[in-house]
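Engineer: Residue numbers (numbering that gives the first Met the number 0), protein chains in the order written: chain E, 0 to 218; chain U, 0 to 524; chain P, 0 to 197; chain R, 0 to 377.
These are calculated hints, taken from the structure and not from any lab test.
Check before you lean on any hint, since a few could be wrong.
Below, in silico cross-link-like pairs of lysine-lysine (DSS-like), each with a Cα-Cα straight-line distance of 30 angstroms or less [claimed, not checked]:
1) E:Lys10 x R:Lys296
2) R:Lys202 x R:Lys23
3) P:Lys101 x E:Lys181
4) E:Lys181 x R:Lys351
5) R:Lys21 x U:Lys200
Rough simulated footprint, nothing fancy, chain R against chain P, three-plus residues with beta-carbon under 8 angstroms [stated by the list, open to error]:
6) 19–30
7) 48–59
Example chain P residues on the side facing chain R (calculated, C-beta under 10 angstroms, incomplete) [to be verified]:
8) Gly70
9) Arg73
10) Ser85
11) Pro115
12) Thr145
Note that beta-carbon positions come from the ideal geometry of N, C-alpha and C, so glycine has one too.
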Amino acid sequence: MGKIVSPEFQKAAAEVLAVAASVIEGVDAEVAERSSGTSPRHVVVINALPDSWRNLAENLYSEHAVDYCSMVTGIHWPEGDEERKWEVVYHLMRTGVRDPPIEDGIVRPIIVDPSKLRGASIPLEIEIHVHIPDTTTPSVDSVQDIWIGADWNEKETWDLVGIDFDGHQGMRRVLQPHETPKGYHPLQKQHHLRYHGFEEMYDDVQGFKRKPADVGKIK
Amino acid sequence: MASSDWLDVAGWSEAFSGWSMDNVHNILPSSDIDMQVTIPNTWAWQEPITLGPIFNMQSGFASIQPALESFMHATIMCTVVFTTMMLTMLAIPYIERKFIGRLMDRLGATTALRSLWVGESGVTAGEWWNQLPFGMGAPIGWVVKALNSKWGNSHELETIARVNNRSYHGYWFLLPGFFQAFADFMKFATKEHIVPKNADKVVFEVAPVIIIATTIMVFAFIPFGPHIYAANPELSLLFMMAIFGIAPLGVFFAGWASNNKYTLIGGMRSAAQLTAYEIPLLITVLGVAVLSGSFNIIEIVDFQMGQDQGNVWNIFLMPLGALLFLVTMIAEVERIPFDMPEAEAELVEGWWTEYGGIRWGLMFAAEYMRSYAACILFALFFLGGWEAPFQHTLSDLPAVGGVFTTVFLLTPGMIWVLLKAWLLFAVFVWIRASLHRVRTDQILEFGWRYLLPLSMLNLVIAVFLRLQFWTGEPWELWVPAAVTLVSGGLFVILAIDEDKEALEIQRRPYSTQAVVKASPGSHRE
Amino acid sequence: MADEGQNYSVFNSRMLVDVVGDVTDEALKASRMKDIIGVLAGRMFNWGQRKSLFPLHLGIKCCALEMAAAGASRFDAERFGVFFRSSPRQCDVMLVNGPISKKFADPIVRLWEQMPEPKWCIAMGECAISGGPYFQSYNILEGVDTVIPVDVYIPGCPPRPEALIDGFDKLRQKIIRIGAAPGDSMPASTSPLILGDE
Amino acid sequence: MAEMWISMGPQHPMTHGLWTLKIKVDGETVVDTEPDLGYIHRGVEKICEARDFTQITTYCDRLCYASANTWSHAYIYAAEDLLEVEVPERAEYIRLVAVELQRIASHLMWLGAYGPDIGNLSVMVWCLREREMMMDLLQELGGSRMHYNFPRIGGVKRDLPHGFAQRARAKLKLFLNRIQEYEALFDESTVFLLRSQGIGYAKPEEMINHGVSGPNLRAGGVNYDIRWAHPYSVYSELDWVPPVERSSIKGADCYDRYRVRVEEMRVSASLVLQALDKMPGGAETYHEPGDPMILAKAPTRAPEGTTGAHHFEDSRGESMFYIAGGGEGRGKQPYRVSIRSPMFITIPYAAKCMIGYKVADIPAIMGSFDPCIGETDR
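Sequences and hints are given; from them, build the entire structure.
Structural biologist: Written out as structure tokens, the structure is:
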């Protein structure tokens with residue numbers, strides 16, 4: 000049975016979703032064709048404004064059965080153009096996973112044959128870019144109550160990048176030590192790694208006072 | 000007539016202490032001495048002692064000579080029993096390390112001549128039988144190949160010869176790994192002693208003493224041979240079982256005193272577990288006493304030996320009792336299927352997390368001692384103590400009988416007790432290697448729901464056998480045969496708990512009844 | 000020795016132990032037996048300590064799997080008396096096998112202090128020696144020796160199980176050289192002793 | 000008994016790695032749990048912003064150290080999506096062999112760690128013995144025991160060495176009949192069934208909403224798998240079915256998660272055997288490293304504004320990389336690398352699954368979710 004979801008049907012389903020999503024104001028969606036080495040992949044890429052993001056999320060969850068939040072990424076573009084200083088990238092997926100039916104006390108597992116999937120039951124990959132204009136306190140509406148999976152993703156994004164999520168209960172530092180100073184979010188571009196731009200770190204690599212041949216080239 | 004063999008340590012020590020006391024008595028001056036002597040009072044005795052004007056040293060000594068003799072006899076016997084126990088106990092960690100190493104197929108120096116390991120890049124030292132001198136091993140090779148091709152698997156990687164890069168440790172020619180327990184103990188001795196700051200200091204120090212003391216006291220009543228025992232009171236069985244049950248209380252105190260949440264839970268588990276297995280254990284031991292007709296362990300073994308006419312071992316008379324004793328003893332000494340008090344997975348090290356250094360080393364040794372005591376007790380109660388297997392049938396054989404009788408006369412009884420105990424400990428290790436740990440509430444339920452009624456049933460069987468079929472001289476042959484066959488049949492039938500109907504529906508080969516009752520998740524909705 | 004007017008009429012076990020201890024000590028010193036016993040006992044306990052090094056069951060990152068592989072059946076470290084215990088009270092060696100982040104810095108120091116005295120530390124893998132591939136990271140200490148004294152460094156990312164067993168061998172050589180009595184494990188000179196090249 | 004908070008601290012035999020699980024306990028029943036991660040947070044995402052595209056694979060090997068190959072391949076697929084590279088067919092087959100062998104090794108590591116969690120030590124030593132066989136095979140491919148740095152952007156580092164196919168078939172055949180030994184120790188031991196059946200229930204719909212995927216999800220009776228939902232590599236050419244467990248009514252419990260992973264080992268073994276047979280150019284032929292059959296030329300710079308993202312079926316769930324191009328060095332280094340760790344999302348859910356069970360069930364439930372803290376803390 001090891002067949003896969005056929006790319007054409009996935010492209011058609013993606014088109015349907017893209018059209019439906021573009022209807023919402025402040026949102027424009029299109030289907031991007033990406034390759035994964037062998038078979039083409041059709042991803043619905045949506046650009047949304049921060050204030051129209053929340054009802055786009057609710058719409059996707061209710062009408063289009065997008066039931067799985069894969070990842071939330073925060074990016075800091077300090078030298079980007081005016082309204083693109085911060086960006087939050089959501090990766091959602093429509094998986095079509097339902098509880099297996101129970102007939103007279105016995106659970107019948109669902110064995111999906113991917114080649115026979117049609118229409119709304121085809122799994123889809125959705126990538127949503129939300130751009131936030133230049134502010135010192137970037138924030139986006141939280142989707143914690145829609146996909147509980149996004150809960151710890153949002154905590155991590157705030158912890159590392161500093162983008163706040165309005166309406167998120169129990170926002171705390173998850174990866175950094177609890178006593179890190181309030182405003183310190185390491186993935187922002189103004190923070191640099193240790194030995195950033197250091198020269199002599201490479202001068203005396205093993206401390207034997209010998210200069211390596213490629214002095215000056217910062218790895 | 001009690002059984003006896005040439006290693007009559009009790010007799011020798013009695014004779015020796017008698018002889019030495021008589022010599023002392025003769026050396027003392029026998030003439031009367033007329034002198035008033037008063038010994039002032041000190042902490043030991045309150046009023047001063049005055050020896051009368053005329054007294055005779057010898058008669059004075061004669062009055063206390065029997066007490067001195069029995070005291071000397073008791074000390075000699077205690078030291079003998081304790082040294083035999085400590086020396087033979089070194090075999091216990093060695094058996095555990097080697098047998099579990101073999102079960103886990105470790106590369107380390109195992110006693111096995113074969114290991115399932117192939118050396119680097121498939122190099123092997125060749126079959127062990129090829130290394131026998133003068134090619135004597137060749138026939139073994141043919142037999143092995145024939146057997147392998149007939150029943151074994153012919154997969155070339157599976158029949159793997161011994162690994163050649165075997166690196167022993169320590170004195171490799173002498174039992175590799177035997178002194179590991181010795182090295183561990185010496186290291187424990189040199190460790191720093193740490194008492195947690197807000198631990199309950201007194202109880203923290205007393206708890207290990209309780210555990211170690213009671214464990215060593217148990218060996219006072221365990222006879223190693225017909226004449227090798229530290230003490231042989233009339234009701235030695237009762238004393239021993241009482242002392243055996245105190246250590247879990249010491250575990251509870253240790254758990255509470257270390258002021259650490261893990262040890263507290265470990266201690267509570269040990270106390271809870273105590274209630275589950277202690278009563279079935281005592282009833283099983285009562286069954287043995289009833290069947291053998293006495294509470295004295297030596298008489299129990301004599302009953303099984305049948306005063307030299309050959310009698311049946313208790314294991315064939317009550318196999319159910321033997322099984323119950325094994326299960327409850329594993330729970331008593333807290334080994335793998337029932338070692339929740341020191342469960343590594345959830346309680347770090349269980350009740351002895353806060354103990355280190357020599358206290359932990361002694362408790363570690365005490366744990367091995369308790370397992371060793373459990374094995375010896377099983378050997379004494381069910382496997383006929385110091386009677387060699389088939390001792391009487393072999394010596395009654397027409398032609399070869401004489402050889403066997405001399406062999407059995409020469410080997411002291413202690414050898415058989417120790418061999419049986421070590422074999423039992425190998426069974427303990429085998430159980431440890433193959434079973435998982437049971438939860439505390441599951442052992443409580445298992446103990447009350449299965450062990451207790453079964454031990455009652457076992458007691459009823461023992462009483463019935465004793466009253467109905469016991470006529471003074473040894474059991475007729477059909478009685479033990481019938482009991483063993485019935486019990487074996489029942490065990491096989493009941494052990495198959497595969498639930499066919501559940502198997503094909505939920506693909507779960509077993510419908511374990513306990514799941515429905517013991518599973519906590521069911522109450523969540 | 001007489002504190003707060005102890006009356007000797009009441010029997011006092013501590014006094015007896017002290018007296019007997021001092022008397023035997025003087026006698027042994029006088030008869031030079033103390034040196035003989037000292038050498039014998041020293042060598043015996045040193046052998047005992049060397050042959051049973053219990054490392055702490057502490058798995059930080061990838062080197063933890065190599066530690067488990069070293070303990071498993073192919074590279075059986077248990078033949079050398081290496082038996083993994085979970086409680087720091089019962090261990091002599093702390094095997095640090097991964098990067099130490101700022102969040103784990105003081106827990107590892109607490110673990111180190113909970114271990115009874117003759118204790119050693121083996122820094123296994125690049126991350127424990129110098130922060131390894133993450134030396135530039137904002138959250139990683141550059142090596143374990145920034146917080147606890149280290150006795151043996153085992154380079155490699157991750158070092159092979161044979162290297163780990165050789166690390167224990169290096170530790171045994173150090174125990175022979177420096178001795179296993181409590182307090183010996185931290186020699187006065189803090190410069191790392193390079194074994195094998197003198 | 001009064002309720003008390005116990006912190007199963009960073010160093011604890013139950014936590015495979017460094018994290019703290021604070022549990023509120025009433026007697027022996029767990030009332031509330033709260034995980035605390037971040038003890039080995041190394042800021043890999045920040046470091047990757049200062050590394051070239053080829054240097055990042057070494058960091059991805061060290062993300063989840065039990066299955067290094069699956070993570071470096073996840074990154075490589077995302078980088079190829081960023082740099083738009085076509086991968087030759089033979090390289091995809093070799094990658095599939097490496098990934099599936101690594102999945103078997105990762106599941107064996109899990110089974111080995113799950114045994115002592117419930118109390119049986121000999122399972123750990125057996126599973127690690129089998130894992131050594133798998134690591135020998137992977138060592139021939141990648142060069143070292145645990146971190147292989149094997150895939151390149153556009154293909155693989157080197158072709159299958161001589162005699163690899165024959166050794167792989169022999170070892171997998173021996174492994175397949177060794178699995179029955181583990182099943183005998185687990186399935187036929189009533190004690191294990193007592194400790195794992197009916198414990199740690201989780202329903203598929205609840206799991207998907209919590210972001211749990213992979214074997215933990217398939218234990219609930221749904222065969223959702225990234226390998227067929229968002230296809231990559233050559234899974235379409237091979238004949239396989241993601242194993243699914245017929246769970247109990249209340250959802251997947253520890254026994255189902257154990258069964259699914261054992262079945263998955265068998266499926267991965269059959270995948271490797273099929274891949275070795277169907278490999279274009281035959282498994283016995285050998286191509287020099289850098290030969291166009293196994294490695295395509297790939298650009299090294301990603302201009303500003305280009306992005307690459309790829310989902311990957313890791314042995315613990317769905318792992319994903321999102322890379323934004325255009326970093327320093329005129330695009331030689333990525334601007335931002337974001338890593339999705341399946342266990343970072345599953346551990347909080349597993350902590351919630353434990354409420355209502357006994358203290359002794361915590362390692363059983365936590366162990367059955369197969370936590371790997373290296374990838375969780377990144």
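Engineer: A separate judgement is required for each hint: does it hold in the structure or not?
Structural biologist: Going through the hints against the structure:
The suggested pairing of E:Lys10 with R:Lys296 holds, with an alpha-carbon distance near 29 angstroms, which does not exceed 30 angstroms. This hinted pair checks out: R:Lys202 and R:Lys23 have alpha carbons roughly 24 angstroms apart, not beyond 30 angstroms. The suggested pairing of P:Lys101 with E:Lys181 holds, with an alpha-carbon distance near 16 angstroms, which does not exceed 30 angstroms. Our distance criterion of 30 angstroms between C-alpha atoms is met by E:Lys181 and R:Lys351, whose separation comes to about 28 angstroms.
The suggested pairing of R:Lys21 with U:Lys200 holds, with an alpha-carbon distance near 28 angstroms, which does not exceed 30 angstroms. Taking a C-beta to C-beta cut-off of 8 angstroms, the region 19–30 of chain P contributes 0 residues in contact with chain R, too few for the three needed, and the coverage statement is violated. Beta-carbon proximity to chain R at under 8 angstroms applies to 5 residues in the region 48–59 of chain P; the threshold of 3 is reached and the given coverage holds. Given hint, P:Gly70 at the interface with chain R, holds; its Cβ is 8 angstroms from that chain's nearest Cβ, closer than 10 angstroms.
Because the smallest distance between the Cβ of P:Arg73 and any Cβ of chain R comes to about 5 angstroms, under 10 angstroms, the interface hint for this residue holds. Hint on P:Ser85 holds. Least Cβ distance to chain R is approximately 5 angstroms, under the 10 angstroms limit. With 10 angstroms as the threshold, the beta carbon of P:Pro115 stays out of range of chain R, its nearest partner Cβ sitting at about 16 angstroms, so the hint is violated. This hint is violated: P:Thr145 has a C-beta 16 angstroms from the nearest C-beta of chain R, more than the 10 angstroms allowed.
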